[in-house]
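Visitor: Now for the letters of each chain:
2 protein chains.
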Amino acid sequence: MPGHVTIDAVAGGTGPRDQLSVPTGSMQSAVLVGKVGERLADRWQAESSLLGSMCAHALVPSGKLFRPILLLESAMAVGGDADVVLPAAIGAECGHVASLVHDDIIDNDDLRRGKPSVQYKFGADNAIVAGDALIFDLFAALAECRTTGAQPDRIVAALDVVARCGIDLCRGQSLEAEIRERMDFDLDAYLTMVKLKTAALFKGACECGALLAGGEDHMVRALGEYAENLGCAFQIHDDVMSYTVDTDVMGKSDTSDIRNGRLTLPVILAYWESDPDGRQAITEVLVDDGDPIVRRDTLMEILERTGAITAAAQRAVQYSRDAIDALRALPPSPSVDRLRGFAQAAIDRDR
Amino acid sequence: MPGHVTIDAVAGGTGPRDQLSVPTGSMQSAVLVGKVGERLADRWQAESSLLGSMCAHALVPSGKLFRPILLLESAMAVGGDADVVLPAAIGAECGHVASLVHDDIIDNDDLRRGKPSVQYKFGADNAIVAGDALIFDLFAALAECRTTGAQPDRIVAALDVVARCGIDLCRGQSLEAEIRERMDFDLDAYLTMVKLKTAALFKGACECGALLAGGEDHMVRALGEYAENLGCAFQIHDDVMSYTVDTDVMGKSDTSDIRNGRLTLPVILAYWESDPDGRQAITEVLVDDGDPIVRRDTLMEILERTGAITAAAQRAVQYSRDAIDALRALPPSPSVDRLRGFAQAAIDRDR
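Here the protein sequences come in this chain order: A and B. Mapping of the first sequence onto full-length UniProt numbering: residues 1 to 351, in sequence order. Mapping of the second sequence onto full-length UniProt numbering: residues 1 to 351, in sequence order.
So here's chain A without its partners, still in its complex pose (with noise of 0.2 Å):
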């Protein structure tokens, strides 16, 4: 679709209010995007074994390619050309798709895309396997920036950055299973959690694009912080969005977050405004094991009571602020236009 991209907002997200469409202001961008899809398509096809299979089913179709399409912009929002950071920007959805495809494994989800996730089709045992030698192609993308003109010394200092990001990416997954286990309503660590889970990757994402195209150190510091507060503000706006949505829109009421006990921001913040009568309230909702709805309803009802959603939604309001404040330090052109674009779009999701 020329002119216009259409990005899916977090790691896990299916469902169409993960999706916003933004336009990307220029013929350029669009046929990046195409060219990554492109690629991605190829790089498993050929290989006519179980791996190869798995690789190419969790990889085609794409996604809508918001990883790769970040550290695209970043490279040229530093000045940078975007066909050397190809690869890596191939790599960047390789690594994003690796953290779904065990994601699947851990929430036992049997759809991704719209088709059967890795774990339902080929089963976990397989699943595991895929999803390493996905991580590992991330790295191997990387390294083909070497044929595309990016210096060493960068391609070194993005495979830093790349590496800890990951690494980030695992404590927050880790830190999301210690919060729900011992429902923990502690604000610092749910907003830690979001940091590391969602906003690691888009931080690994600029500042790999901006490293590789030879971003001064400035520019590169400022594009992981707008990293940072999109993706906190995208996680946030997607907690909100899970009591804003019109059901008659999503087909049915959207209780996922409830049978999973998953704690979102809106409900810790519910928590902290309620009485203790409230907060024995929210928790038997999260433990309890009746009817979703019903449970749902009662949540709900809190939420309204206490304002909660609005606060969240203020929340991710100001995270997207903060993603725009930083955007300030590079110099104007197309992509941070586009850039910023995103971090609108990010709150604005279906409202």
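Incorrect hints may have been included.
Stated by the list, open to error - Which bits of chain B does chain A cover? Going by a derived footprint, with three or more residues having C-beta under 8 Å, they are:
| id | segment |
| --- | --- |
| 1 | 44-57 |
| 2 | 126-135 |
| 3 | 171-185 |
What the hints assert, rightly or not - With a straight-line Cα cutoff of 30 Å, these simulated BS3-like cross-link-like pairs (lysine-lysine) come out:
| id | chain 1 | residue 1 | chain 2 | residue 2 |
| --- | --- | --- | --- | --- |
| 4 | B | 121 | A | 195 |
| 5 | A | 195 | A | 115 |
| 6 | B | 115 | B | 35 |
| 7 | A | 121 | A | 35 |
| 8 | A | 115 | A | 35 |
| 9 | B | 195 | A | 121 |
| 10 | B | 115 | B | 195 |
| 11 | B | 121 | A | 121 |
| 12 | B | 121 | B | 35 |
Simulated from the structure, these hints should not be mistaken for laboratory data. Positions of the beta carbon are idealized from the N, C-alpha and C atoms, including for glycine.
Given chain A, put chain B in place with the hints provided.
Guide: Same frame as chain A, now just chain B:
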């Protein structure tokens, strides 16, 4: 233990049969191995999170550090400085341990290195994330070589090699599942699987060390060839030992391969040496779910009758010789002597 290192053979090996002790021939090697162990112990110890606990549990106490040793000796064999490649050696162990953590989920193994496996202690879902973090940490460690004096273009070349070897490892794991699933006695498929699953990380370690240390192309290739043959010798000798090691020494009959339906080289060779009745007997033993001791005894009788154990052992000897031959391309040095010793020790274990 200065002057000696005890090395474990293959991914998945925990029993006494997987260990061998070869003279290091120098204090320097022993000191280096000690350094790797210390750094590994420090690496995740300070992180009090669930992820930190899991990674520290998996890495400490360390195994025999054979992949780090291969990497360090390869660097010295091409005339390089071991301290320059030390972070990569640490990374090699992180990558190896990552594969063990995920293998233990796949094989549902509760014990690893004499203590509870990560999946047993922390659950499979958390163990997936821990393994992922250790893969990322392999690459974070590789990037650290820029602080020890490695050239950026060499780090990028090593990145390429390590990422591709990691993908090969996954290909091997996935192929092993395919072979088991369709009960495939194809010899070529088995040998390909061994080359990918066991030899790939050996190859990655040796080539990575040689590349980072500034080795010439022909030296890097020679060490890669050495490592690939070494890995095959190790794995096949391991296969053979599962039928030849004294059960009194092991404390029990080794029936894990039988229970897991795993095809080993002796079984495959016996299959092709057998008449239709013998082939059916082999197949039945593997798919049967009766007493593993009885099944093992039946299988042993067939293996002995067909001479398959001896034939498999001869192949291991040939791989060991090929590994030693590959070292001829390198200038004589104490490191080359030690690498040669590893190839000999690979087929001399527990005889």
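Visitor: Hints first: check each against the structure and report whether it holds.
Guide: Right, here's what the structure says about each hint:
{"no.": "1", "hint": "44-57", "result": "holds (count 4)"}
{"no.": "2", "hint": "126-135", "result": "holds (count 8)"}
{"no.": "3", "hint": "171-185", "result": "holds (count 6)"}
{"no.": "4", "hint": "B:121 - A:195", "result": "holds (27 Å)"}
{"no.": "5", "hint": "A:195 - A:115", "result": "holds (29 Å)"}
{"no.": "6", "hint": "B:115 - B:35", "result": "holds (23 Å)"}
{"no.": "7", "hint": "A:121 - A:35", "result": "holds (28 Å)"}
{"no.": "8", "hint": "A:115 - A:35", "result": "holds (23 Å)"}
{"no.": "9", "hint": "B:195 - A:121", "result": "holds (27 Å)"}
{"no.": "10", "hint": "B:115 - B:195", "result": "holds (29 Å)"}
{"no.": "11", "hint": "B:121 - A:121", "result": "holds (28 Å)"}
{"no.": "12", "hint": "B:121 - B:35", "result": "holds (28 Å)"}
In the structure shown, no violation is registered for any of the earlier numbered hints.
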